[in-house]
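K.L.:
Given next are the chains, with one letter for each unit.
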Amino acid sequence: MKEIDARGLSCPAPVLHTKATLEQEHPATIKVLVDNAASQQNVERFLRSQGFEVRLEKEGIDFAVIGKCGTPGAAVASKAAPVATEAKQKILVMCATDRMGFGDETLGQKLMVNFIRTLKEMGPELWRLVLVNNGVKLAVAGSPVLEDLKAYETKGTTVLVCGTCLEHFNLLAQKQVGQTTNMLDIVTAMQLADKVVNL
Amino acid sequence: MIFPTDENVLVGLDRADDAGVYRISEELALIQTVDFFTPIVDDPYWFGQIAAANALSDVYAMGGVPKTAMNLVGFPIKEMDIGVLRQIIQGGSDKIREAGAVLVGGHSIEDSELKYGLSVTGFVHPARVRIKNNLRAGDRLILTKPLGTGIINTAIKAGLASAVLIEQVTRLMATLNRGAAEAMDAFPVHACTDITGFGLLGHLAEMVLGSGCSVRVESQKVPILPGTVDFASMGLVPGGAFKNKSFRQALVAFADGVDAVMQDMLFDPQTSGGLLICIESQQADALAEALTRRGVPAAAVIGEVLDDPQEKIFVS
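As you go down the protein sequences, you meet chains C and F in turn. Numbered according to the numbering used here, the first sequence spans residues 19 to 217. Numbered according to the numbering used here, the second sequence spans residues 598 to 913.
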């Protein structure tokens, strides 16, 4: 069992030391000793996010976090924090219009409705749904996919709706779902995403 | 401990609001506030900007206009080059000017730890002071900056934040609450505070206590900086978030779907956060629109005031 003494270190050093140790030594079991409850919770959360099964113990006045390298499947059962397994990626889908493809408008709108509804097959990997230009119309009163978008939000997908676009169409007050966003948020999200799908 | 007071003190120690307010005449009251801290970012000019924006914010949170400011400096003159201090002060003074106020002096001492901030004086009409806890059932709550600066600053310290994110959060912290305050001025706002070290729920608790009302917050409506959830899920949550949570835990009831990461984000200590405005529900959308038109970082309706005298916060 690899042991780390992170007592006397202030945040975020305990998590950083643990991360560095995992990256360099790949221990199957690890014990991290810290001197406060906040650091204990942070290290616990970090180890769970790396697929470890974690238990907490008190050692005198100090706090210990003991981790055993579990299978990614076992760690998913933990409700404390979302787990970053190999398979889970962050997908950003950007809809710059309210229809799919060109040629026939009615067909395009039907296709977009179907697309938005089928996105649920991405499961928890659907990380961000960004709506710009005509795409913002999908998030306002009267849109056929409002309930679907609200369901995605409840499941953890962040729905971002371009504020400038809403203003341009005079639809600010009609937005029913999602957070109003700006270009910097969108660019940052694109950089952080593992995959960007642009419609 | 009893502190002396007089009848011109409109907001003093007995209320613990964002600043002190003292009536000078029928039309004029003075707002007095002070704030300083250790470096938040590496760049000295931006540190000055952020510290100044943070100090000026309390004047806006009271519904006033900043007029004069003085520097507060602790500097390790033997170890650090004086040029660093010059840049910090430049950042601060540019921000003071941006607020329409004037730098009139300051004080420095030698200190092993670098510190900077301001003491600020502002004006407000005595009848228009926006205190914290004048909540009315049915009112809506509007937040003018996204959350996440505490967690992201921890990620920055850990060297895990991208350059784009560092730039974004630096600019956000340096953004004055002036635009939000000016938008708010045209509306009959009931209460207001700014979101700083106690986190959204910590400062909301200060609004709720003494109000005779309770509040519901819809966590999905709270604007949060990109990257915050991911860093919080990795355990990069500052110690202050835990302290904030344990301090106010008794007042807050989280619904089952609100996971530990969201709870931490709602208690995440903010640096130079936005205003949390309480306004009657018919006017909420109009205020949100006015805020968006002014380009403030967020204009999110995040919750409502409930007709429930328990003085609790329900987070769904």
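One thing to keep in mind: the hints can contain errors.
Said to hold, decoys possible - With a straight-line Cα cutoff of 25 Å, these simulated BS3-like cross-link-like pairs (lysine-lysine) come out: (1) C:K86 x C:K76; (2) F:K818 x C:K173; (3) C:K106 x C:K213; (4) C:K37 x F:K818; (5) C:K138 x C:K173; (6) C:K138 x C:K37; (7) F:K754 x C:K193; (8) F:K840 x C:K108.
These are calculated hints, taken from the structure and not from any lab test. Note that this is a predicted model, so its numbers are computed, not measured.
K.L.:
Let me make sure I understand: some of the numbered hints might not hold for this structure. Which ones are they, in numerical order?
P.N.:
4, 6, 7 and 8
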